[in-house]
Amino acid sequence: MAQLGAQPASSPAIVWFRRDFRLADNPALSAAAETDRPLILLYIRDEALEGRPIGAASRWWLDKTLKAFDAALGEFGQRLVLRHGDSVEVLKALIAETGAGAVFLNTLPEPAARARDERLADALGVPVRAFEAATLAQPGSVLNGSGLPYKVFTPFYRALRARLDLPDLRARPRRLAAPAARPESERLEDWRLHPKRPDWSEGFNLWTPGEAGAFAALDAFLDGPVNDYPTGRDRPDKAGTSRLSPHLHWGEISPWRVIVDAQAAAHRGDARTGAVEKLMTEVGWREFNHHLLAAFPALPTKSFDPKYAAFPWRDDPQGLEAWRRGLTGYPMVDAGMRELWATGFMHNRVRMVVASFLIKDLMIDWREGEAWFWDTLVDADLANNTANWQWVAGSGADAAPFFRIFNPASQGERFDPDGVYVRRWVPELARLPDRWLHAPWTAPRAVLEEAGVSFGGAYPQPIVAHREARARALAALRSLKQL
DNA sequence: TGAAATGTTGGGGCG
DNA sequence: ACGCCCCAACATTTC
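When we follow the working numbering, the leftmost residue of the first sequence carries the number 1, and every step to the right adds one.
By construction, these hints were calculated from the structure, which means they are not laboratory data.
Computed from a predicted model, the values in this text were never measured in an experiment.
For each residue, glycine too, the CB sits at the ideal point set by N, CA and C.
Treat the hints with care, since some could be wrong.
[Said to hold, decoys possible] Straight-line C-alpha distance at most 25 Å; calculated PhoX-like pairs for lysine-lysine:
id, residue 1, residue 2
1, LYS302, LYS151
2, LYS92, LYS307
3, LYS151, LYS481
4, LYS67, LYS196
5, LYS151, LYS238
6, LYS278, LYS238
7, LYS481, LYS307
8, LYS67, LYS302
[As the list claims (entries may be wrong)] DEER-style ranges, computed between Cβ atoms:
id, residue 1, residue 2, range
9, THR301, GLU75, 50 to 56 Å
10, THR231, GLU468, 28 to 34 Å
11, ASP228, ARG467, 32 to 38 Å
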């Protein structure tokens, strides 16, 4: 890599933001600021950059987080420069226009993007300074005694923990010198990231994309729910989870910040150590997923366990559509799918229930579910989404065995005992008493009438009988083992 | 981070 | 008082 000093000190530097929309603990931004050069703060809309185009919910979030970040930069007398097109071509043009002498960036964790980043300096002819900001450990860097990637979570996590030194987090830069003339920028509105005709995003307004929203979410979580996290996180009827996943995905907050603040809360005695440890474990799964993707770049398309390549998936467009729309006749499944559609998010426990239902009860390929989540989740993340779908399917690394099949009714009874979650998202059933809420097909006719539930009308009968579907899935698994 | 089937145990009803 | 049966509760195995 060429020395920065090779360029005149007055030449501007480009800070290329991709998914690191934060001022605090942003290593590329801090390093660029320390050079005292004028900074061009760039975002490029490049569909090819991360290996696959982002989904509709992600476009909504991107729109808002760019707006928030641009506004935050205003306090420094700065603005984002927005361009679209092939990243390398855009950067070349901007360097030619401005005489920029260096590019600063934080790497993206996806293998495709990482490979492109590594070739970037050669393609641009200026130094590229790359930093790690998305994960606690660089994907691929945690290896077992034989120098190979871990395939089991627990030893991976042990190794990760052993090398974690809680760092001093980088403060927000004090100044971000602006160039004499700001390069031309496209208009965010022209990118049409916000949905129009129809604008389906009303239910997304519970989110506050951006760094301030990320910190608010972390503070709110550490201020109470964290203490109940080990069990509360399984309760979709309560505010028991951190809801940090989209903020982490978009780099609005650093994973270091999450664990440093959580541990500080534990040290102060504001949070139970055991609860904070559980949170750490979940951050650890995020790390594990990114390591898996780095070690197995085919994770988004191929079964990690090759024997599942022969699984006899069913072609069932109607079943798939009923699942997507939340019309399966299983209240817990339908509540989850409707929460997703309305808000761009689904509670983690319910994600497992709906994924198990698609894969095992309907025997539809996990890739169909992964694709739907990719389009509809505001936290859609290639490593987490594909690793978690394979985890449920039983084909992943350290996955739940295939025969672990969720019963959607009993999951509802266990984790939404008062029916608060189901009644919120499946209002057709709101007046059905708790006793039958999670299995309305078992309710006596008179009870259904009293509650205003008619199966021919608003709410469907189950599209498959769970008991039989379970037997069918287990038979399919047996057929696999005979190969 | 499951559920269902199967096995075991022990209390209570009852002849 | 005793053995038998039933069955709920719990444990283990199986998928």
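Now for the hints, and whether the structure bears them out:
Pair hint LYS302 plus LYS151 holds up; C-alpha atoms about 16 Å apart against a cutoff of 25 Å. For the hint linking LYS92 to LYS307, the alpha-carbon distance of about 45 Å lies beyond 25 Å, and the restraint is violated. Between LYS151 and LYS481 the alpha-carbon distance is near 21 Å, which keeps this suggested pair within the 25 Å criterion. Distance check on the hinted pair: LYS67 and LYS196 sit about 18 Å apart at the alpha-carbon level, within 25 Å; holds.
About 33 Å separates the Cα atoms of LYS151 and LYS238, which puts this hinted pair outside 25 Å; it is violated. Between LYS278 and LYS238 the CA atoms are separated by roughly 18 Å; this keeps the pair inside 25 Å, and the hint holds. Only pairs whose Cα atoms come within 25 Å are accepted, and LYS481 paired with LYS307 is accepted, the gap being roughly 8 Å. A C-alpha spacing of about 36 Å is found between LYS67 and LYS302, which places the hinted pair above 25 Å, so the restraint is violated.
Range check, THR301 to GLU75: about 43 Å between beta-carbon atoms, so the 50 to 56 Å window is missed. Range check, THR231 to GLU468: Cβ separation about 33 Å, and the 28 to 34 Å hint holds. At about 34 Å, the CB distance of ASP228 to ARG467 agrees with the hint of 32 to 38 Å.
Against the hints set out earlier in the document, violations occur for numbers 2, 5, 8, 9.
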